[in-house]
Amino acid sequence: MLMNKEQVMQFLPHRDPFLFIDSVESVEYPGLDLKDGEVIAAKDTVNSEVIAHYRTKKDHPIFAGHFPGNPVLPGVVQVEMMAQAAAFGLIKTVKDPSDSNMEVALISVSNAKFRKPIGPEMDLIIKSKSIKCRGPFATYECELHCGETLMSEATVMATVKL
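Residue 120 in my numbering sits at position 120 of the sequence shown; the count goes up by one each step and never skips.
Simulated from the structure, these hints should not be mistaken for laboratory data. Treat the hints loosely; a few may be bogus.
[To be verified] The list that follows gives simulated cross-link-like pairs (lysine-lysine, DSBU-like), each with its CA atoms no further than 30 Å apart:
id, residue 1, residue 2
1, Lys95, Lys129
2, Lys132, Lys161
3, Lys57, Lys116
4, Lys132, Lys116
5, Lys116, Lys129
[To be verified] Simulated DEER-style distance windows between Cβ atoms:
id, residue 1, residue 2, range
6, Ser98, Leu32, 18 to 26 Å
7, Phe18, Asp99, 16 to 24 Å
8, Asp96, Val72, 21 to 29 Å
9, Glu121, Met1, 13 to 21 Å
10, Asp59, Leu32, 38 to 46 Å
11, Asp33, Val72, 37 to 45 Å
12, Asp96, Asn70, 42 to 50 Å
Glycine included, C-beta positions come from ideal geometry on N, C-alpha and C.
Make a model of the complete structure from these sequences and hints.
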């Protein structure tokens, strides 16, 4: 594990019940030979890959209303989860991730597919790959997996200010 939940909360502005990352397992920058503490430009994060984890909790308030007796994690929450994980591809763009003062806004979602329902007590692996970065705009291809099963996928675009 690269970051536990406390460390995740030092980087992301989100908080429970709208924080959908329990841990970050890895952040890789293929093709870059980075030193510890090295800060890179946002454009250099293209091709970065993030793997994060979230376990859906049966007592999460969202399951009470979606749907009573048949709890299903809403697709919009799955997309939010993907976007939160994607933000960690930018972690090397700041000197101190615990003091980033990140401002982030999701601006588009495309190619979203919800393949299998996600319910309570499921261990989810969130995968994100940066495919484009221009100025403050970044685009990511994301997937949610439970074990080997692809649960959902989407391409998300966000603006990020660190």
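Cross-check of the supplied hints:
| no. | hint | result |
| --- | --- | --- |
| 1 | Lys95 - Lys129 | 22 Å, holds |
| 2 | Lys132 - Lys161 | 16 Å, holds |
| 3 | Lys57 - Lys116 | 18 Å, holds |
| 4 | Lys132 - Lys116 | 28 Å, holds |
| 5 | Lys116 - Lys129 | 21 Å, holds |
| 6 | Ser98 - Leu32: 18 to 26 Å | 22 Å, holds |
| 7 | Phe18 - Asp99: 16 to 24 Å | 21 Å, holds |
| 8 | Asp96 - Val72: 21 to 29 Å | 39 Å, violated |
| 9 | Glu121 - Met1: 13 to 21 Å | 20 Å, holds |
| 10 | Asp59 - Leu32: 38 to 46 Å | 41 Å, holds |
| 11 | Asp33 - Val72: 37 to 45 Å | 43 Å, holds |
| 12 | Asp96 - Asn70: 42 to 50 Å | 44 Å, holds |
Taken one by one, the earlier hints fail for this structure only at number 8.
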